[in-house]
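Engineer: Residue numbers (the working numbering), protein chains in the order written: chain S, 1 to 442; chain C, 443 to 559.
Accuracy of the hints is not assured; some may be wrong.
What the hints assert, rightly or not - According to the in silico footprint, chain C covers these stretches of chain S (three or more CB under 8 Å from chain C):
(1) 70-82
(2) 291-304
(3) 356-367
Said to hold, decoys possible - Lysine to any residue pairs mimicking SDA-like chemistry, simulated, CA-CA at most 25 Å apart:
(4) C/Lys-532 <-> S/Gly-403
(5) C/Lys-532 <-> S/Val-398
(6) C/Lys-519 <-> S/Lys-104
(7) C/Lys-519 <-> S/Lys-230
(8) C/Lys-532 <-> S/Asp-305
(9) C/Lys-532 <-> S/Arg-269
(10) C/Lys-532 <-> S/Ala-412
(11) S/Lys-230 <-> S/Asp-305
(12) S/Lys-104 <-> C/Lys-532
(13) C/Lys-519 <-> S/Ala-415
(14) C/Lys-532 <-> S/Lys-162
(15) S/Lys-162 <-> S/Gly-237
(16) C/Lys-532 <-> S/Ala-396
Rather than coming from a laboratory, the hints here were simulated on the basis of the structure. Cβ coordinates follow ideal geometry from the N, Cα and C atoms, glycine included.
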Amino acid sequence: MNHRHNRSGLTRRQLIKGIGAASLLPLVGSAPFAIGGQSAGRVVVVGGGFGGATAAKYLKRANPAIEVLLIEPNETFYTCPFSNLHLGGLREMDAIAHGYDELKDRYGVRVIHAMVEDVDADAHKVTLSTGRKLDYDRLVLSPGIDMRWNALEGYDEEAAEKAPHAWKAGTQTELLRSQLEAMDDGGTFVMVAPENPFRCPPGPYERASLVANYLAQHKPKSKVLILDAKDNFSKQGLFTAGWERLYGDRIEWVGLSSDGRVTRVDADRLEVETEFGTVHRADVLNVIPPQKAGWIAERAGVTDDSGWVPVKAETFESRQVADIYVVGDATVAAPMPKSGFCANGQAKVVAAAIAASLESRPAPEAYWTNTCYSLVGPEYGISVAGVYRVQDGVIAEVEGAGGLSPADASDATRALEAEYAVGWYNAICQDTWGTSPGSRAT
Amino acid sequence: MKRVFPIASLTLASLLLTITPLAAQAEETFSDAQLEVMAGGCASCHGTDGRLAGSVPTIAGRPADVLASRLLDFKHKEVDEVTVMDRIAKGFTDAELRALARHFAAIDLNNDNEPEE
Numbered sequence: 001m002n003h004r005h006n007r008s009g010l011t012r013r014q015l016i017k018g019i020g021a022a023s024l025l026p027l028v029g030s031a032p033f034a035i036g037g038q039s040a041g042r043v044v045v046v047g048g049g050f051g052g053a054t055a056a057k058y059l060k061r062a063n064p065a066i067e068v069l070l071i072e073p074n075e076t077f078y079t080c081p082f083s084n085l086h087l088g089g090l091r092e093m094d095a096i097a098h099g100y101d102e103l104k105d106r107y108g109v110r111v112i113h114a115m116v117e118d119v120d121a122d123a124h125k126v127t128l129s130t131g132r133k134l135d136y137d138r139l140v141l142s143p144g145i146d147m148r149w150n151a152l153e154g155y156d157e158e159a160a161e162k163a164p165h166a167w168k169a170g171t172q173t174e175l176l177r178s179q180l181e182a183m184d185d186g187g188t189f190v191m192v193a194p195e196n197p198f199r200c201p202p203g204p205y206e207r208a209s210l211v212a213n214y215l216a217q218h219k220p221k222s223k224v225l226i227l228d229a230k231d232n233f234s235k236q237g238l239f240t241a242g243w244e245r246l247y248g249d250r251i252e253w254v255g256l257s258s259d260g261r262v263t264r265v266d267a268d269r270l271e272v273e274t275e276f277g278t279v280h281r282a283d284v285l286n287v288i289p290p291q292k293a294g295w296i297a298e299r300a301g302v303t304d305d306s307g308w309v310p311v312k313a314e315t316f317e318s319r320q321v322a323d324i325y326v327v328g329d330a331t332v333a334a335p336m337p338k339s340g341f342c343a344n345g346q347a348k349v350v351a352a353a354i355a356a357s358l359e360s361r362p363a364p365e366a367y368w369t370n371t372c373y374s375l376v377g378p379e380y381g382i383s384v385a386g387v388y389r390v391q392d393g394v395i396a397e398v399e400g401a402g403g404l405s406p407a408d409a410s411d412a413t414r415a416l417e418a419e420y421a422v423g424w425y426n427a428i429c430q431d432t433w434g435t436s437p438g439s440r441a442t
Numbered sequence: 443m444k445r446v447f448p449i450a451s452l453t454l455a456s457l458l459l460t461i462t463p464l465a466a467q468a469e470e471t472f473s474d475a476q477l478e479v480m481a482g483g484c485a486s487c488h489g490t491d492g493r494l495a496g497s498v499p500t501i502a503g504r505p506a507d508v509l510a511s512r513l514l515d516f517k518h519k520e521v522d523e524v525t526v527m528d529r530i531a532k533g534f535t536d537a538e539l540r541a542l543a544r545h546f547a548a549i550d551l552n553n554d555n556e557p558e559e
């Protein structure tokens with residue numbers, strides 16, 4: 001929705017090129033690694049982010065004879081991880097952009113740039129925005145998040161053009177960056193942070209950090225105000241200590257108990273009102289609203305009343321609809337956070353489970369790890385890690401493992417973690433799309 | 443292993459003493475499909491199959507005993523210059539760490555012809 005190449009922007013020729021001759025004639029001129037055109041089953045993957053692109057690649061790694069179709073509307077994917085660096089003026093959009101060439105050329109994934117408009121779980125069919133219907137043996141949904149428009153009074157799609165969420169990377173990120181650049185010195189950047197659960201729990205606080213870093217250098221009289229719907233947030237102690245250390249009192253955080261919960265947004269006036277009636281005026285207003293699973297999950301019938309997707313812990317198959325697997329931010333996977341790292345890891349478990357089920361083998365046991373790096377400053381990194389297994393049928397953190405960077409870490413360690421954050425970004429993007437920033441063919 | 447590193451072999455020796463009797467006990471093994479899943483999280487920072495080089499080191503193709511002793515040290519000892527691997531290694535059994543070490547050691551860094559048929 002906030003991307004450069006939406007479906008109406010595609011010409012018919014581009015669409016046909018995108019669909020490719022191979023997918024129009026399934027058995028002739030098939031994918032490079034299919035063995036003799038004999039398919040081991042067909043898997044349709046919806047969504048080309050960390051979850052979907054990884055699932056497609058690892059399905060092909062598990063068994064090249066599985067026919068894998070990846071449906072993603074955009075030809076270029078902008079990652080939310082490191083989009084805060086763009087907001088802080090530390091990274092160009094091109095350096096968070098990734099494409100699908102490796103999945104197509106090296107792994108033989110058929111990539112179709114379209115939207116999925118319907119899922120018929122009984123018939124095992126999806127309908128694309130092009131009108132085309134695709135059969136599947138197994139379906140993987142990696143739809144990410146959608147905003148709950150109007151959950152905050154006055155905050156809808158139109159309001160987001162004035163008070164960007166920038167919680168899906170792309171044009172929203174660029175809009176917020178341009179507003180920040182245009183802001184007068186002495187202005188206040190107000191961020192509205194949501195209650196749990198939401199995409200990327202430490203994300204708002206990393207964003208506040210990198211905005212403060214930019215302001216300190218370019219608009220030194222300016223401030224950051226975070227109005228938060230909760231009393232605790234991810235890596236709170238580490239962020240708070242880092243803020244004091246690097247930015248003094250430039251960042252002010254107001255939690256739920258101090259009337260931090262915003263209930264109404266006036267995007268025209270750049271004003272927000274809290275639960276107890278305090279009105280805050282912003283010069284730049286960043287509203288990160290409450291969220292839910294991406295729309296197609298609801299359409300497929302895999303969401304529950306919470307708006308998120310309950311899954312079987314061992315395989316991430318939907319608890320509600322057979323043969324549909326769901327990965328990433330859309331799922332209820334706590335204690336795993338909604339992170340790109342977790343989506344990438346969940347996708348590998350799903351790929352292995354599907355490859356096994358297509359051969360009527362039992363799925364391997366699931367293993368997951370997560371490391372979330374956050375940059376408090378360009379050379380000040382912090383992290384939280386976790387290792388997860390299935391225990392008594394639910395996802396559980398392995399006791400004694402994981403945890404936060406030490407509170408008393410040296411400057412050298414913070415600098416090292418900032419370096420590793422970049423190393424992580426390059427690695428996970430290579431693992432997901434095969435492209436590291438700068439190496440992308442355009 | 444063909445290449446034996448003094449420090450690594452020392453650690454391995456101390457391990458042999460603590461886990462008795464290792465020689466008599468069959469090492470727990472895992473299927474390839476299981477290892478692929480177990481190793482999945484490694485790729486998220488070290489690149490697919492642990493091949494990527496950068497601030498996060500390459501792990502593919504390094505000797506199994508070196509990798510195993512490093513991983514076991516991360517888990518059991520106070521290691522200097524570690525940021526996150528101590529927190530990760532504690533989530534795996536010793537047998538899993540040794541299996542992961544053998545898995546990455548067996549990857550040929552010079553032959554990147556994935557996917558295999």
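Engineer: Does each hint fit the structure? Answer for all of them.
Structural biologist: How the hints compare with the structure:
| no. | hint | in the structure |
| --- | --- | --- |
| 1 | 70-82 | violated (count 0) |
| 2 | 291-304 | violated (count 0) |
| 3 | 356-367 | holds (count 6) |
| 4 | C/Lys-532 <-> S/Gly-403 | holds (11 Å) |
| 5 | C/Lys-532 <-> S/Val-398 | holds (8 Å) |
| 6 | C/Lys-519 <-> S/Lys-104 | violated (44 Å) |
| 7 | C/Lys-519 <-> S/Lys-230 | violated (37 Å) |
| 8 | C/Lys-532 <-> S/Asp-305 | violated (36 Å) |
| 9 | C/Lys-532 <-> S/Arg-269 | violated (51 Å) |
| 10 | C/Lys-532 <-> S/Ala-412 | holds (24 Å) |
| 11 | S/Lys-230 <-> S/Asp-305 | holds (22 Å) |
| 12 | S/Lys-104 <-> C/Lys-532 | violated (37 Å) |
| 13 | C/Lys-519 <-> S/Ala-415 | holds (23 Å) |
| 14 | C/Lys-532 <-> S/Lys-162 | violated (47 Å) |
| 15 | S/Lys-162 <-> S/Gly-237 | violated (32 Å) |
| 16 | C/Lys-532 <-> S/Ala-396 | holds (14 Å) |
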